[in-house]
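Colleague: Read off the chains here:
Protein chains: 2
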Amino acid sequence: MGEVKHLCLVRFKEGVVVDDVLKGMTDLVAEMGMVKYFEWGQDVLNQEMLTQGFTHVFSLTFATADDLTAYMGHERHAAFAPTFMAALEKVLVIDFPVVIAKPPPTAAP
Amino acid sequence: MGEVKHLCLVRFKEGVVVDDVLKGMTDLVAEMGMVKYFEWGQDVLNQEMLTQGFTHVFSLTFATADDLTAYMGHERHAAFAPTFMAALEKVLVIDFPVVIAKPPPTAAP
Chain A
1 MGEVKHLCLV RFKEGVVVDD VLKGMTDLVA EMGMVKYFEW GQDVLNQEML
51 TQGFTHVFSL TFATADDLTA YMGHERHAAF APTFMAALEK VLVIDFPVVI
101 AKPPPTAAP
Chain B
1 MGEVKHLCLV RFKEGVVVDD VLKGMTDLVA EMGMVKYFEW GQDVLNQEML
51 TQGFTHVFSL TFATADDLTA YMGHERHAAF APTFMAALEK VLVIDFPVVI
101 AKPPPTAAP
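For the record, the sequence lines run as chains A and B. Numbered according to UniProt numbering, the first sequence spans residues 1 to 109. Numbered according to UniProt numbering, the second sequence spans residues 1 to 109.
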């Protein structure tokens, strides 16, 4: 309850070594205690009409909106952001309080 | 391991009763055993430059890519899809195998 997600969809510039960017992001998140959960993935649809050209999803979960604010304002985030942004051809960001409409079976006793 | 997400970002048409659409989707997902987890949320950034006009996120998690394929091809999904699509001004879909870069603390023993 009360969880907030910071969802980031991107398309990398041609020539960018995505693994390097991912390593930078994973290292950053590992250091940042207020990030509860970090998952990412690469689109497999590959249908421009549906994906609108975005190829990667990064999803950060925070226990509270305050934790997200603390993350966004943290100096380590500020230090990494320019490197990340420079690698992107396009980006879309949405922050949202998570509503669980169907809980995962593992949440059951 | 092996989980796949079906991520759907949308902006509803003006006048659409979002709660009705959500109820339809929640009912559908509740009936569909192959959907492991369903969460959604409404953007709180409200910054067009970042969100590109998308306002809602729907995230369906499947244990395997086969489960996602079964969901997409199911007659109940086919029956609901036109109602859903008719409510949308814009939509973006990305399917991706989930890579967990920082596991949630609850996953620890």
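Hints may be right or wrong, so weigh each one.
Which copy is meant is left open, because identical chains are indistinguishable; a pair holds if it fits in one copy or across any two.
Said to hold, decoys possible - Using 27 Å as the maximum straight-line C-alpha spacing, the simulated DSS-like pairs for lysine-lysine come out as follows:
#1 Lys13 to Lys90
#2 Lys36 to Lys102
#3 Lys90 to Lys23
#4 Lys13 to Lys102
#5 Lys102 to Lys90
#6 Lys102 to Lys23
Note that these hints are calculated values from the structure, not bench results.
Colleague: In ascending order, which of the hints set out earlier in this document are inconsistent with the structure?
Modeller: none
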